[in-house]
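Chemist: Take these sequences, add in the hints, and give me the full structure.
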Amino acid sequence: MKLYHIGLKNLKRRRVRTTLTILGLALAVAIEVGLTGITKSLEDDFSRKLDEYGANILILPKSDDLSLDYGGLSVAGVTFGSEKLSMSDVAKIKAIKNSENIATVVPQLFHAADVNGRNVIVSGIDFNSEFRLKRWWRFSGSRPKEPDEILAGSSAAQALNLKPGDDLEIAKHHLRVAGVLTETGSQDDKLIFVSLPIVQKIFDKGEALSMIEVSALCYNCPIDSIVAQIGEKLPNAQVTAVRQTIETKMDVMHRIRHFSIILSVAVVLFAALMIFVNMMSSITEREKEIGIFRAVGFKRKHVLAVLLFESLIVSLSAGVVGYLLGLSGAHLARPLMGLHDLHGFGIDTLLISLTLAIFVGISAAIYPAYKAAKLEPTAALRAL
Amino acid sequence: MSLIEIKNVSKEYIIGQTSTHALRDLSLQIDEGEFVTVMGPSGSGKSTFLTIVGGLSEPTSGRVVIDEIDIYSLRRDGLSDLRREYVGFVFQSFNLVPYLNVLENVLLPLAPTGIPAKEQTAIAEGLLSEVGLLEKAEHLPGELSGGEQQRVAIARALISDPLIILADEPTGNLDTATSESIMQLFKLLNERGKTILMVTHNPVYKFHSTRTIDFRDGTLVGDDMKYISQMSADYREGREFQQNIWTHD
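Chains as they are written, first to last, in our numbering: chain A, 205 to 588; chain B, 59 to 307.
Take every hint as true, because none was put in to throw you off.
Straight-line Cα separation of at most 25 Å, BS3-like style, residue types lysine-lysine; simulated pairs:
#	chain 1	residue 1	chain 2	residue 2
1	A	Lys216	B	Lys176
2	B	Lys194	A	Lys206
3	A	Lys503	B	Lys176
4	A	Lys266	A	Lys296
5	B	Lys176	A	Lys206
6	A	Lys213	B	Lys176
7	B	Lys194	A	Lys213
Quick caveat, the hints were computed from the structure, so don't treat them as lab data.
Modeler: Set out below in structure tokens:
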């Protein structure tokens, strides 16, 4: 017989107490695992959605010739065409070290034009990229499919009296209105959106660009590093992070994470307290048994080993059960939270669950076990 | 050289502001192979004497020497080793671990040792066979009679093959017939060379032993070695029923 046999036998004898202790600790682990997983999934989901709300990096040519305010930044060269960005810069951006964090790159070319006797700003864009970046865009009519189809901002359409299906001429180039944007409250309302190659062609701009918008999936990613990397690739460009967007994202995420951590710590502390009280009570009940151990030659370390082994078994079981409960709970909560996917339930989380359970279980048991091991045999053996 | 030497041992318990002398300046020598009956009224210090000899309770003053080892000069772990290797305890209330079966209870003192499991089991089964309980090796203590439980406790006390058996009223919870069988068991062990110190209230058991010591108020008031030895020898010669004692319960 070995010492661990004694621990296992005792756990089997006290089935109800053992089961309840395992369940108590497992519940704490489950809450921690579930909250961590849901928070991680929420972070990912929320981050993805926030990233869909628009660009968080703007790249402009270095110039003092400012004439258009765009997203709080002024865009150079609209009037005088001092564009210093080109289509080759788009490829350079996609080749930076942190390229996996780059979700969307949207090149734009602005040019002033006379349309139906009124001055408007024409924005050359890649419609696919633009629609991916600006998922909040709503419009009447249809999405431009053909190269000569355009999208009119709501204010521009009103000023030019345009509606879907109308024809118009820009720089002697015949175009057709596919759709009219509903009001966005942004600078987009004043623009006429035309396919980028068409704008470059009709205004004879070659591959020139006025601005590049970048959406970086950068929750917790090094946005400053990305900005620096783009700056290195495009030395003639002014690369600016739209910090407000990023910091808002980070702030929201950190609040969720902090709440999750506080709740987890509270639950884990409660579980530790429960195990501590349970162990203390168990030690009192087992004083005579510990006296027998000591009388037949067990050293203090042997008594300690038996009790801590029991705690280890309880903790390991609670870790596994807690992980499974947490996973199941998260799956049940997933539709309620509006989550499509769950993240953070891999083997690393299982290992974290086990580590947490063992840490809590052993920490809570160590003092009662030490107290038990210190019992003098005669004090424990009241029979003598 | 005596196996056990008790030199000027006193034990004082202090409870609150009251101190109680359980033993007062006790000196005694016990040779190997003696069967000592320890008698005296309740509270006379018999059990305290036993716990001190067994290394369970350190005396307030004095020395206890077993096999030339001053046991209370040992470190705590050394004292635990001594308890396992030199001393086997048998208690009035058996003190078996309720969730371990008979075999496991007997094996308990060997659990912290590195003795291989097969070897441990062979020793324990041999002992259980001797006390007539091998067929109940898988039973829990709660499934046994009092006499059977005490036999398990005796087997456990013998598992480390100790020199000394300390028994604290081992028949106190047993009926007369069962008590007699347990006493026969102790006698047999004594005949095999074990030194036995047995606390008892029953004066009849003096006749099983080789020596009787008597306590009053923590002081040794009687040590009747020769008379009891002779009586015990006479008694031993006269008995004819020993063959069945192992299974008598």
